[in-house]
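Number of protein chains: 2
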Amino acid sequence: MRLIENWFSERYSDNLQLSFRVKDQLLSIKTDYQRIDLFDTYDFGKLLSIDGTVQLTEKDEYVYHEMITMIPYYFNKKPKNALIIGGGDGGAAKRLLKLNFENIVNAEIDQNVVEVSKKYFPEIASSFNDKRVKLIIGDGIKYVKNSSEKFDRIIIDSTDPVGPAEGLFSEEFYRDIKNHLTDDGIVVTQSGSPYYQEGALSLAYKGLSEVFSNVKSYLAFIPTYPSGLWSFTMASKSEFTVRDENVINGIYFNKDVLTGSFYLPEFVKKIIY
Amino acid sequence: MRLIENWFSERYSDNLQLSFRVKDQLLSIKTDYQRIDLFDTYDFGKLLSIDGTVQLTEKDEYVYHEMITMIPYYFNKKPKNALIIGGGDGGAAKRLLKLNFENIVNAEIDQNVVEVSKKYFPEIASSFNDKRVKLIIGDGIKYVKNSSEKFDRIIIDSTDPVGPAEGLFSEEFYRDIKNHLTDDGIVVTQSGSPYYQEGALSLAYKGLSEVFSNVKSYLAFIPTYPSGLWSFTMASKSEFTVRDENVINGIYFNKDVLTGSFYLPEFVKKIIY
Chain A
4 MRLIENWFSE RYSDNLQLSF RVKDQLLSIK TDYQRIDLFD TYDFGKLLSI
54 DGTVQLTEKD EYVYHEMITM IPYYFNKKPK NALIIGGGDG GAAKRLLKLN
104 FENIVNAEID QNVVEVSKKY FPEIASSFND KRVKLIIGDG IKYVKNSSEK
154 FDRIIIDSTD PVGPAEGLFS EEFYRDIKNH LTDDGIVVTQ SGSPYYQEGA
204 LSLAYKGLSE VFSNVKSYLA FIPTYPSGLW SFTMASKSEF TVRDENVING
254 IYFNKDVLTG SFYLPEFVKK IIY
Chain B
4 MRLIENWFSE RYSDNLQLSF RVKDQLLSIK TDYQRIDLFD TYDFGKLLSI
54 DGTVQLTEKD EYVYHEMITM IPYYFNKKPK NALIIGGGDG GAAKRLLKLN
104 FENIVNAEID QNVVEVSKKY FPEIASSFND KRVKLIIGDG IKYVKNSSEK
154 FDRIIIDSTD PVGPAEGLFS EEFYRDIKNH LTDDGIVVTQ SGSPYYQEGA
204 LSLAYKGLSE VFSNVKSYLA FIPTYPSGLW SFTMASKSEF TVRDENVING
254 IYFNKDVLTG SFYLPEFVKK IIY
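Sequences listed follow chains A and B, in order. What the first sequence shows, in the numbering used here, is residues 4 to 276, in sequence order. What the second sequence shows, in the numbering used here, is residues 4 to 276, in sequence order.
Treat the hints as calculated values from the structure; they're not laboratory data. Every value quoted in this text rests on a predicted model; they were computed, and no experiment measured them. Among these hints, one or two may not hold up.
[As the list claims (entries may be wrong)] What follows is a list of derived Cβ distance ranges for each label pair:
1. B:D54 with A:I251: 40 to 50 Å
2. B:D186 with A:G48: 42 to 52 Å
3. B:K273 with A:R246: 46 to 56 Å
4. A:T56 with B:R14: 16 to 26 Å
5. A:T56 with B:D35: 26 to 36 Å
6. A:T244 with B:L102: 13 to 23 Å
7. A:K81 with B:R246: 33 to 43 Å
[As the list claims (entries may be wrong)] With a cut-off of at most 30 Å between alpha-carbon atoms, the simulated DSSO-like pairs for lysine-lysine come out as follows:
8. B:K209 with A:K101
9. B:K137 with B:K272
10. A:K62 with A:K148
11. B:K122 with B:K101
12. A:K81 with A:K49
13. B:K122 with A:K258
14. B:K62 with A:K273
15. B:K209 with A:K258
16. A:K272 with B:K101
17. A:K273 with B:K181
18. B:K62 with A:K272
19. A:K83 with A:K258
20. B:K49 with B:K26
21. B:K273 with A:K49
22. A:K153 with A:K101
23. A:K273 with B:K101
24. B:K181 with B:K209
25. A:K153 with A:K240
26. A:K258 with B:K258
[Said to hold, decoys possible] Here are a few chain B residues that face chain A, going by a calculated C-beta distance under 10 Å:
27. D142
28. V218
29. L222
30. L267
31. K273
In this text, a Cβ means the ideal position worked out from N, Cα and C, and glycines have one as well.
Let the hints inform the model, and build the full structure from the sequences given.
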């Protein structure tokens with residue numbers, strides 16, 4: 004009887020961690036940008052970690068990917084094309100395809116994320132085989148500086164604002180983003196755990212507010228992310244108006260969530276106002 | 004240099020755990036009803052655990068206690084008196100006192116919980132020194148069978164539906180509760196993590212629906228509880244109507260939360276409907 008147990012732990016601080024019992028570690032690589040690890044866990048299926056933080060698990064990825072795509076989808080004019088910055092796992096693109104986007108540019112800086120996802124999350128990465136998706140391996144910051152195409156939605160599906168993703172939370176980047184948005188287009192970014200990473204939410208909200216006149220943060224519950232509470236922040240040049248349209252349910256998302264996720268607890272309001 | 008680290012872990016399943024680094028374990032007792040442990044943690048201050056599950060930490064107890072008292076407070080006629088079943092730490096009673104309740108009966112089955120709270124959470128347990136609070140050490144199930152007093156609010160602040168609290172999730176108990184409610188009175192119960200304890204929410208919602216014509220579940224984010232998402236379920240003989248009244252902010256609770264916490268993600272709706 005083998006009594007040794009294998010656990011992968013994400014440290015939320017020096018003094019707090021969430022641990023997943025794993026069947027095996029399937030991969031560990033150091034790329035030019037970050038460290039990528041892949042675990043086969045008992046409770047959440049395959050788990051992708053970047054620099055020690057959980058990015059994606061088979062079992063609960065639906066919350067993050069539904070919420071970063073479906074919430075902004077239902078506002079303003081029906082969107083047809085999108086730019087995804089980051090999102091190398093293909094999960095955001097996959098949801099946009101389901102929402103009948105016709106043209107998606109996905110700029111991921113680290114080719115290895117795409118390769119790992121194709122190998123270990125083939126269903127999620129299947130979006131890269133769709134001819135409506137154009138994958139660009141390159142720096143999203145440079146891409147928005149050096150191109151001119153306009154998009155109805157821009158999705159910043161990045162890691163946290165340390166390391167390669169730091170520039171994706173800057174005012175300068177948001178100004179370049181603005182140049183790529185159609186008139187009533189919407190940009191949305193993941194903005195971290197309001198409980199453990201006040202800084203990410205504050206950076207995103209304040210940075211976007213310098214550039215856009217309409218900014219809104221919303222929340223979702225993600226069990227494998229720090230504290231279980233996650234924030235997203237979206238911005239537009241024009242006012243946000245929910246379209247009068249039947250809403251498709253996800254596993255997490257529904258019409259109630261489209262309304263309710265914008266009601267913020269007092270401690271979250273204190274971070275952004 | 005001492006390299007050994009001390010951690011307390013709550014197992015959410017055989018394969019998942021949240022761990023708190025602790026300065027010390029201050030107490031461990033086995034009572035007639037349960038095991039009580041008390042830790043001094045680095046990130047969350049003092050932490051009370053019952054049968055290995057986190058009940059209360061100094062740093063985030065406000066969410067649970069605000070949400071189990073303040074949400075039902077703002078519905079229907081302004082309440083004046085309340086029965087708390089469980090709640091031996093004094094936290095629910097403390098919030099009710101802040102809301103100017105005039106008369107509170109608190110029935111806690113385990114005297115040790117009260118003693119531990121008085122010693123380690125004196126600020127929270129201070130409610131037991133207030134003459135508006137009548138503490139009864141005894142079984143809440145028997146109390147509602149053998150008494151006749153009516154209350155505007157009944158708060159079931161229990162542990163999870165295993166062990167001593169199992170009967171607090173039964174239809175029979177809810178029928179006895181109904182006899183103790185004023186005409187537009189409201190009962191509220193904690194109903195577990197919708198993500199890891201579907202059973203608790205389902206039991207509470209379905210049991211209350213057998214007895215009451217008006218039942219509503221609502222959610223809050225609690226970082227030290229399993230998955231970070233927690234549910235509460237409230238019921239009444241009369242329809243729920245929010246009073247037209249200024250809402251007092253808590254650290255978590257506010258007017259937005261009073262509305263937004265009732266908007267449920269699709270996977271939660273699937274549990275209760």
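Hints versus structure:
no., hint, result
1, B:D54 with A:I251: 40 to 50 Å, "holds (42 Å)"
2, B:D186 with A:G48: 42 to 52 Å, "holds (50 Å)"
3, B:K273 with A:R246: 46 to 56 Å, "violated (25 Å)"
4, A:T56 with B:R14: 16 to 26 Å, "holds (22 Å)"
5, A:T56 with B:D35: 26 to 36 Å, "violated (44 Å)"
6, A:T244 with B:L102: 13 to 23 Å, "violated (38 Å)"
7, A:K81 with B:R246: 33 to 43 Å, "holds (40 Å)"
8, B:K209 with A:K101, "violated (35 Å)"
9, B:K137 with B:K272, "violated (37 Å)"
10, A:K62 with A:K148, "violated (36 Å)"
11, B:K122 with B:K101, "holds (22 Å)"
12, A:K81 with A:K49, "violated (34 Å)"
13, B:K122 with A:K258, "violated (47 Å)"
14, B:K62 with A:K273, "holds (17 Å)"
15, B:K209 with A:K258, "holds (23 Å)"
16, A:K272 with B:K101, "holds (23 Å)"
17, A:K273 with B:K181, "violated (39 Å)"
18, B:K62 with A:K272, "holds (18 Å)"
19, A:K83 with A:K258, "holds (21 Å)"
20, B:K49 with B:K26, "holds (10 Å)"
21, B:K273 with A:K49, "holds (25 Å)"
22, A:K153 with A:K101, "holds (21 Å)"
23, A:K273 with B:K101, "holds (22 Å)"
24, B:K181 with B:K209, "holds (15 Å)"
25, A:K153 with A:K240, "holds (13 Å)"
26, A:K258 with B:K258, "holds (21 Å)"
27, D142, "violated (33 Å)"
28, V218, "violated (16 Å)"
29, L222, "holds (8 Å)"
30, L267, "holds (6 Å)"
31, K273, "holds (9 Å)"
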